[in-house]
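Asker: Single-letter residue listing:
2 protein chains.
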Amino acid sequence: MGLSVWKFGGTSVGSVERIKLIARRIARERKAGRELVIVVSAMGDTTDDLLELARQVTTNPKPRELDFLLSTGELVSSALLAMALNDIGCRAISLSGYQAGILTDPIYSRARILKIDTKRLREELDRGNVVVVAGFQGMNEGMDVTTLGRGGSDTTAVALAAALNAEECRIYTDVDGVYTADPSVVLEARKLDRIGYEEMLELASYGAKVLHPRAVEIGWWFKIPIVVASSFNDNAGTLIDGGESMEVRRKATAVAHDLNVAKITIVGVPDRPGIAASIFEPLADAGISVDCIVQNASIDGITDLTFTVSRENVGEVMKIIQPIAKEIGAAKCVSDTHVGKVSLIGAGMLNTPGYAAKMFKALAREGINIELISTSEIRITCILREDKVPDAVRVFHREFELASA
Amino acid sequence: MGLSVWKFGGTSVGSVERIKLIARRIARERKAGRELVIVVSAMGDTTDDLLELARQVTTNPKPRELDFLLSTGELVSSALLAMALNDIGCRAISLSGYQAGILTDPIYSRARILKIDTKRLREELDRGNVVVVAGFQGMNEGMDVTTLGRGGSDTTAVALAAALNAEECRIYTDVDGVYTADPSVVLEARKLDRIGYEEMLELASYGAKVLHPRAVEIGWWFKIPIVVASSFNDNAGTLIDGGESMEVRRKATAVAHDLNVAKITIVGVPDRPGIAASIFEPLADAGISVDCIVQNASIDGITDLTFTVSRENVGEVMKIIQPIAKEIGAAKCVSDTHVGKVSLIGAGMLNTPGYAAKMFKALAREGINIELISTSEIRITCILREDKVPDAVRVFHREFELASA
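Going line by line, the protein sequences match chains Z and S. Under the numbering used here, the letters of the first sequence match residues 1 to 405, in that order. Under the numbering used here, the letters of the second sequence match residues 1001 to 1405, in that order.
Isolated chain Z (complex conformation) (with noise of 0.2 Å):
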């Protein structure tokens, strides 16, 4: 058996007798033979009591210093690992992010890994030790503490397991995997035995919160199969990998949605070049994440512009694109945060014509209204109003048939 690194979350150090309950599944795994690298995330609250503390203190810390901070909350989670592992006789050391060598940019609280020296790390595998990585963090070249925002375990883990050419990673979650949609919203969602990168990117992307888009795209680029199982059962979980097979044969994978969506529209928008580059590059310049731009067909010289971004920015962006609105002559700037992006993925689902088609079909059926469409290669995403979404998601699993394999 070659190395595998194993990622566990939040929820599944949650407990001391949770971090003894994974230290018997990791001592099993090793003492069967296989090396080992373990991530974890910061016990259950941890993160967010530490953010509490620090807006107690001040309502805007430097970011450096909130770094510093909310690093430590992966420290103590892996030390605690490490110390069950060795008190059932198999050897472990815990490692933070800059002794495993995670050198990252200097941008803090989203930081992203440049490299990583993995001299210590094979140094401990070779010692025989289970090596406990804190995840969510690394070290700048300033010697500073960095930590890699949303997703930044899984990121930590999915790295960590390229860098060290490892067979695969698994992240131990509180599901059984990924599923055709979220089983609180369909009964019937069926869980998925494999599924391919892109199609999983897509998922992730779009509301899947099983596992983060940054870690996806980093096992893609480095073709590390990722497989996504349960920290509480042994059920076998899902493998993300190439899957090229799959391709032909499945159209329609799963159903993502997600709530936290809001539409904004720049209202008479004068349709001439460079009109789009002009409102969206000072939004990527304050780091906000746009998708589903839409441009309503010109009439008379005249546009509608509407784009989503996550609720927690409408603020943000209002601010940044008013005046630039009255610059260029639109008549106004509008917000809504009362929608929801319902997704479709399945790899080469838009080569096979009639997806589309049938998806709008059956929501009509239903009297959703469609407010915005957007697509990508294996993807299509309707916006619709927020309290249509979880409709939206049974219909689009049943009209696709993603409970039957």
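Keep in mind that the hints were calculated from the coordinates and are not lab data. Even for Gly, the Cβ is constructed at its ideal location relative to N, Cα and C. Some hints here could point you the wrong way.
[Unchecked claim] Quick list of in silico lysine-lysine cross-link-like pairs, BS3-like style, CA-CA up to 30 Å: (1) K119/Z with K1119/S; (2) K1332/S with K1209/S; (3) K115/Z with K1119/S; (4) K1115/S with K119/Z.
[Unchecked claim] Covered, in the sense of this in silico footprint (three residues per stretch, anywhere, with C-beta under 8 Å from a C-beta of chain S), are these stretches of chain Z: (5) 8-21; (6) 45-55; (7) 63-74; (8) 83-96.
Mind docking chain S on chain Z? Use the hints.
Answerer: Quick look at chain S alone, frame taken from chain Z:
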């Protein structure tokens, strides 16, 4: 104004409000032009909480992992203090032990500082930052986190003051300074304005909790003036420095007492060379501090050997010395955990005849029995029944007129 190193203990950073309070004090001094390095302990009970977490995971944690875990407490408080300072317009940066360049030996849980590389500290000071350093921790040559053990943050502060050639080191705590006796035992105890290193070292070693002896030793060696003062008021505190002139003037300075004392007696030891070494070497190897060693005069080549240790060490000590006692032909080993220690401390006291006699007479007058006597150049210590300790402290304080300066 030059550079000053200030240390705040766990009570002083025990809540967000207190952190904000000391931030204002620091900002005031910084504004007045002083360069400042601030050393902080973990907030309130954090270290105990982390120890309890570790204890729930295992009763026998690897020392390396325990240090890794415990070091996070000081990281949290230093980040929060740096945030609070920046929030009120006082530029500040937090540094972990390793970022502050604190290199220690590899002995976990009671590491000694080997050297401090002040490059980063100097850079941050030159940028106009108040530098907040996480106390109690450093890093060994293998890049692993070590903790300094008891009195660790005091030690960090005085060592940084020495390495940075600071004008002074100020230890802010929850009392006003160093007293002639514990004010909770002696109502008329008086705060000392000034005390010499040597006297302070004896006071700290013989029960005064206000400052750790390790910190005093470093201050003495590098001639760093240390001020102990309250973090909750602006009273002047106590200056600890060379104070040579005082030796002549003042004989008895203060009374220290300690209830964490156990007495061990090896009965019927053959009085021949090498016996003491055969007993005390194994204890030293086990890292157990022994004081007040007394060997009674030999009668017919047989003697009793008595010494004191901290109460938590009794079990281990008995386990170590019982086989040795048997081997050297001693009759038995006896332990007694109901004793306490009272010490009168004063520079040059032993050079002045009559001090010891006056002490013993005063105790006799009160009907207090002395079980052991031990002396140094500037200290006379009596071991008594523990319930007699408070009385003895009061008797000495009165007898030597310590309430009057």
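Asker: Does each hint hold? Answer for all of them.
Answerer: Hint check:
1. K119/Z with K1119/S: 26 Å, holds
2. K1332/S with K1209/S: With a Cα-Cα distance of about 34 Å, the restraint between K1332/S and K1209/S is violated, given a limit of 30 Å.
3. K115/Z with K1119/S: 25 Å, holds
4. K1115/S with K119/Z: 25 Å, holds
5. 8-21: This one holds; 3 residues, not fewer than the three required, reach chain S with a Cβ under 8 Å.
6. 45-55: This one holds; 3 residues, not fewer than the three required, reach chain S with a Cβ under 8 Å.
7. 63-74: Since 7 is at least three, the answer is holds.
8. 83-96: holds (count 7)
When the structure is compared with the earlier hints, a violation turns up for hint 2 alone.
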